[in-house]
Structure formats: C-alpha cells, structure tokens
Amino acid sequence: MKYRHILLLLALGLLLTASECVPTGDDDDATSDDDDDAADDDDAADDDDAAVVTTVSGEVIAIDRDTGLQLSASVYAERAGGLIVYALPDGADLSEIHGKTTLEGPGDFEIEIADITGPFDLVVVADEDSNHFIENSDVARAYAFNPLNAGGGDIEDLTLVIDLAPRPGGGGGCGDRDEISGTVVLDGVPDGAIGISTNNAALTAGPWTKTTLEGAGPYSINECSSRGSTALLGYLDMDANGYFEPSDPLGGAAANPVTLGVGDVSGITITIPDGVSSPPSPPAYVALTGTVAYDSFTTGDILVYAGHATTDSYVF
Numbered sequence: 029m030k031y032r033h034i035l036l037l038l039a040l041g042l043l044l045t046a047s048e049c050v051p052t053g054d055d056d057d058a059t060s061d062d063d064d065d066a067a068d069d070d071d072a073a074d075d076d077d078a079a080v081v082t083t084v085s086g087e088v089i090a091i092d093r094d095t096g097l098q099l100s101a102s103v104y105a106e107r108a109g110g111l112i113v114y115a116l117p118d119g120a121d122l123s124e125i126h127g128k129t130t131l132e133g134p135g136d137f138e139i140e141i142a143d144i145t146g147p148f149d150l151v152v153v154a155d156e157d158s159n160h161f162i163e164n165s166d167v168a169r170a171y172a173f174n175p176l177n178a179g180g181g182d183i184e185d186l187t188l189v190i191d192l193a194p195r196p197g198g199g200g201g202c203g204d205r206d207e208i209s210g211t212v213v214l215d216g217v218p219d220g221a222i223g224i225s226t227n228n229a230a231l232t233a234g235p236w237t238k239t240t241l242e243g244a245g246p247y248s249i250n251e252c253s254s255r256g257s258t259a260l261l262g263y264l265d266m267d268a269n270g271y272f273e274p275s276d277p278l279g280g281a282a283a284n285p286v287t288l289g290v291g292d293v294s295g296i297t298i299t300i301p302d303g304v305s306s307p308p309s310p311p312a313y314v315a316l317t318g319t320v321a322y323d324s325f326t327t328g329d330i331l332v333y334a335g336h337a338t339t340d341s342y343v344f
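With this note's numbering, you'll find the sequence shown wraps up at 344, consecutive numbering, no jumps.
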C-alpha cells in the first residue's frame with residue numbers, strides 16, 4: 029500500500045511538471061504578430077504561421093490579330109519571342125508584382141502567390157520583337173475577367189489570349205550615331221546580367237537601343253544623334269529569367285538626360301537601383317466584345333474602333 033501511494037504521488041508530480049509545458053495558446057509571443065521566433069518557436073514544423081499560397085494556372089493562347097485564328101507554335105515563333113504571365117496588384121503597372129512565370133511560347137502556365145489575399149490582376153506580355161526587353165512597344169493583354177481573388181483557394185483553368193500582328197520588316201537607319209559610354213554600378217544588389225537601354229528624356233517611350241552585359245562594369249551604347257537627347261536605364265535580371273523587365277531592379281544615369289548630336293559622351297555612370305520606378309512598359313489591354321446594331325444598311329463593312337487619349341497621343 030505504501031509503494032502504491034508513492035507511485036501515485038510520482039505520477040501526479042509528472043503530470044504537474046508536464047502541464048507547465050503545454051501552451052495555453054498557439055502564440056509563443058503574445059506581444060507580436062509573429063509567433064515563430066527562432067528562439068522559442070512552439071512548433072518545430074513552423075505550421076503555426078503557415079503562408080497562404082494561391083496557385084493560379086491555365087493556358088496562354090496566341091491568335092492572329094486580323095483573323096482571330098489561333099497561332100501554331102511555329103507561327104508564333106515567327107512573330108514574337110517569349111511570354112511572361114504576371115500576377116499584379118494593378119494590371120496597368122508591371123513594376124510591382126505578386127508573382128510571375130516565363131514561357132517560351134503559348135502553353136500552360138502556373139503561378140504561386142504567397143501571403144496575398146484579396147483582388148489581383150493577371151496579365152500576359154509577349155516579347156514581340158524578341159529582344160528580351162519588356163518595353164512599351166511589346167504586347168500586353170489582361171485576363172478578360174480581372175480582378176481575381178487570392179486567398180480563397182487555387183484558381184484553375186484560366187485562358188489568357190494574346191493577339192499578334194505579322195512581324196514587320198526592319199526599319200531604316202537613323203544616320204549619325206553618338207557613342208555613350210561609362211560604368212554600371214550596383215548598389216546593394218547581387219551581380220547578374222545587365223541590360224542597358226536608351227529612352228526618351230521623360231522615360232515615357234523606349235527602349236530605343238539596347239545592349240547587354242554579363243555583369244556590372246564598363247559599357248558603351250550608340251544612339252541616333254537626331255534624337256536630340258536620351259535617358260539611360262540599366263536593368264538587373266534579378267531572377268535570371270533572361271528578360272529585362274519593369275519589375276527588375278533598375279536605375280538611371282545621374283546625367284540623364286544625355287544630350288545627343290554633340291559627339292561621343294563618356295564617363296556616364298548608371299547606378300542600379302537608384303529609385304527609378306516607372307520605366308516604359310506596355311499598356312495592358314483587355315478584350316472588348318459586344319454586338320453591333322444597325323439599320324437600313326444592305327452592303328459594306330462595319331469598322332469598330334476603341335481608343336483612349338494619353339499625354340502623347342491616342343492609343344488604339
């Protein structure tokens with residue numbers, strides 16, 4: 029009987045000791061929203077602060093702009109380069125993204141969006157001239173039923189449509205060119221492939237001329253003297269996807285805009301990043317569909333146009 033009492037007391041003692049290790053809640057830091065402190069994490073699996081991940085998937089198809097017929101992979105390759113599908117807070121701004129994926133051509137895509145809940149836009153961009161710079165002359169098309177909603181489960185079976193015109197022939201020359209040279213400097217970002225472009229002075233049009241480097245260092249680029257002036261931008265391909273995009277770290281030259289037509293210019297330093305946040309990028313168009321009603325016409329074509337005014341001109 030005596031030993032039975034001793035065993036009972038020992039058992040009670042173990043229960044009391046163990047009870048001190050049982051958390052009263054799942055938060056190991058009552059003063060912080062982050063309950064996964066490395067020093068006192070109460071869950072080795074880290075699942076008490078799991079990220080909310082939304083997987084967005086579907087297909088990108090390319091069509092002929094004039095006929096509406098779907099383009100085969102071989103015909104697409106003759107008209108454009110790779111495709112980038114973006115998940116964006118704002119479909120009109122390619123500089124801030126939730127996630128993206130790069131495709132060699134039309135086909136299936138999948139993007140994971142982490143720690144984001146609420147509306148977002150889906151946009152596909154084609155590198156229309158295959159120069160690996162995403163620029164304002166490229167084609168961007170928004171998903172017809174934007175915005176989508178992240179955080180409510182995976183989103184599947186989406187179809188993004190991008191329309192392409194036949195690739196135009198080469199343009200003429202521009203006469204005399206000035207050489208601009210200097211050095212690309214990185215500020216707080218790792219080295220990687222660098223893209224350099226010339227643009228208009230206000231950074232609302234371009235890139236005009238492009239060149240690439242394997243890493244930061246000396247560069248030179250030639251631009252038409254007749255343009256009068258240019259602003260230089262440097263892009264760092266941070267995610268190494270082979271494209272220089274508005275969402276990549278980028279910076280301008282302190283000497284922007286550089287005057288052209290006065291001869292070669294040297295010693296122009298481009299620092300990446302230096303706070304430039306709005307490089308030239310393609311506008312994200314959406315498809316507009318509907319019905320044309322008409323009366324008393326028996327022959328002739330019906331032409332439908334859509335456009336809006338910008339500070340530079342009308343965009344159709």
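Mixed in with the good hints there might be a few duds.
Straight line, CA to CA, 16 Å or less: simulated EDC-like cross-link-like pairs of lysine to aspartate or glutamate [what the hints assert, rightly or not]:
no.	residue 1	residue 2
1	Lys128	Glu138
2	Lys128	Asp265
3	Lys238	Asp149
4	Lys128	Asp323
5	Lys128	Glu106
6	Lys128	Asp118
7	Lys238	Asp267
8	Lys128	Asp149
9	Lys128	Asp143
10	Lys128	Glu140
11	Lys238	Asp265
12	Lys128	Glu87
13	Lys238	Glu140
Quick list of simulated restraints, FRET-style, between CB atoms [claimed, not checked]:
no.	residue 1	residue 2	range
14	Ile89	Asp329	24 to 30 Å
15	Asp136	Ala79	20 to 26 Å
16	Glu140	Val320	37 to 43 Å
17	Glu138	Ser324	48 to 54 Å
18	Tyr333	Asp185	31 to 37 Å
19	Asp185	Ala120	41 to 47 Å
20	Val103	Gly180	34 to 40 Å
21	Gly216	Ala283	38 to 44 Å
22	Asp118	Asp219	29 to 35 Å
23	Ala120	Asp215	23 to 29 Å
24	Asp292	Gly181	28 to 34 Å
25	Asp157	Gly256	21 to 27 Å
In case anyone wonders, no lab produced these hints; they're calculated from the structure.
Think of the CB as a built atom: it goes at the ideal place given N, C-alpha and C, for glycine as much as any other residue.
Margin query: Under the constraints set out in the numbered hints, which ones does this structure not fulfil?
Written below: Violated: hints 3, 4, 5, 7, 13, 19, 21, 24.
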